[in-house]
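Participant: Letter by letter, the chains look like this.
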Amino acid sequence: MTNKKQYILPAGLGLIGLLAAAAIPAGGTGVFEVLLIIAAVGVTAYIGWFTFIDRKFLLAQFEGLKNDYKGQREKASQCVKETKDLRLQVQLLKRQKRNTEAIIYSISDAVIVTDANDRLLMANEPAGVLFGFDLEKAALKLLDELVSKNELIKLITSSRKSKARHIKHELIFDSAENPLVYNCTISCIYDDEDEVCGTVAVLHDITREKEISQMKNDFVSHVSHELKTPLASITAYSEMLVDGEANDEKTRNEFYSIIQNQAQRLNRLIEDILNISRIESGLIKVNKEALSTALVVRDAVQMIKGYAIEKDITVEDQTSIVFDQVVADKDMISQVVINLLSNAVKYTPNGGKVTVNSEVDESEGVARVTVTDTGVGIPSDDLLKVFDKFYRVKANNKCAKGTGLGLNLVKQIIEKVHNGRVFVASEIGKGSSFGFELPLAAMEKSFAG
Amino acid sequence: MSNRKVLVADDEAHIVHVVAMKLRNNGFDVITADNGAEAYELCCEEKPDVIITDYQMPQMTGIELVKKLRSTPELEHIPVIILTARGFAIEDEQKEKLNIAECLSKPFSPKELLSHVENVLQSSAMR
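Going down the list, the protein sequences come from chains A and B. Under the numbering used here, the first residue of the first sequence carries the number 1, and numbering increases by one thereafter. Under the numbering used here, the first residue of the second sequence carries the number 1, and numbering increases by one thereafter.
Please note that a few of the clues may not be correct.
Beta-carbon label-pair distances, calculated as ranges [stated by the list, open to error]:
(1) B:24 / A:249: 14 to 20 Å
(2) A:150 / B:67: 36 to 42 Å
(3) A:314 / B:112: 41 to 47 Å
It should be emphasised that the hints constitute simulated quantities derived from the structure, not laboratory data. Computed from a predicted model, the values in this text were never measured in an experiment. Each residue gets a CB set at the ideal place from its N, CA and C atoms; glycine is no exception.
Let's have the full structure, built from the sequences with the hints guiding it.
Facilitator: Written out as structure tokens, the structure reads:
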């Protein structure tokens, strides 16, 4: 900034100086000297004043610049701070996104997140597998391009339009084997204006639960049937005795005997149910002792022969006696062998053959009992499930009655109580082999030692 | 007048035995079968006046047997009494559709079963 006033004084004094200089050649002495002194004093005073004033000005200018610089610097540092904050926020959001993705990816249920236009925002691997789309290529694609299950798309769209917080629905997916049942929950996501900005669909596989529920229903139905059958005999024969319909002593004795047998049958069934329950809850009393599976097999074969003769089935025991090879509960192992033998007889047509073999496999460290029949056989799909509680092979349902408890009891006794293993092999129309392995007593001791 | 003939079908031998004895003691002729398929064959041969059958039997269930009888012209009229250990196995609608005369739950009273057989025969004679 230029101050014009500051030139007036030196210009005036300069003019006086010039006049004094002009007066010297004119010969004027007194005036000249006075003027010269005035000019000298004036110039000196001006220089002093100017220096003072200008310094002030410069200082002010400097101060101004300094303040400007300070302001700019503050602004710059503010910007740097804001940039840092933004960077932090971006990092935080990225981390939050990663966390959300990690949560969604860790869920074993299929999860699909869509936006307000039904485009896919996020999905986890189970969803990709269930609907057969590539997760990396699926982002922001319309749902109907990715998911062929129209029922689900309709549910998501209607859920979004209705703004309902949660919608639950059961979806059935046809697969190559059995249909899969999913419990589908669709929840709306709301923005700050309480508008729906997307949906989350969670699909939980309830196929197994459905199967168990069906098995339980079947079990109740089977058990009630099994319990009522001997009860029907007991009731009917008792009534006949009371009403005097058994005319002679022989008939009366026959009736007493039937009532007794049916009562025992009823008791065995109830014991089976209770035993499974006790083993499962760990409440069963186990009396382990050194025993020979071969001897148990021999006794069981004797017990089952009467039943086999009724169906003209031969039971062949190929076992050679080896003593004390396992440590086990005799009653339980006996029940296992009887269950396997009676199943073999039950599912073998009249005139067939049941073979039982007990052997010691030292290389595997086990005693192995195998019951082989020439029966109806089991479809391969059912083989893995035959030891499941309440499971009955549908194709063989008509051959014989049963509760689906016998083989489960076998598995529980062998695997849970005796640390052994059950096995099965079968060919439809040719027959089945059921058996079990128990650790040899020597092995048990060495493990214990 | 010849004795009325009753077919008793059940895979439980004890049940067949007791029902047959009760009926024979009361003047009926009784033929027996231990599965649905055998019962159907006997029906064709013997043309019984009434059939008492168990619901759950191997090879052919009681219901399958009734369905087969109803689609065989000379057997379609035979009244059927079903014995079942499943309390909820037969819907009223099915009972009516298959013209099942009675459905009795096990355990049952032989005395009551006899009176049902007599009632069923009486009402079929009145038709």
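Participant: Would you mind marking each hint as holding or not holding in the structure?
Facilitator: Quick rundown of the hints versus the structure:
Checking the proposed 14 to 20 Å range against residue 24 of chain B and residue 249 of chain A shows it holds: the Cβ atoms sit about 19 Å from each other. The beta-carbon spacing between residue 150 of chain A and residue 67 of chain B, approximately 38 Å, falls within the hinted interval of 36 to 42 Å. In this structure the supplied range 41 to 47 Å holds for residue 314 of chain A paired with residue 112 of chain B, their Cβ-Cβ distance being about 43 Å.
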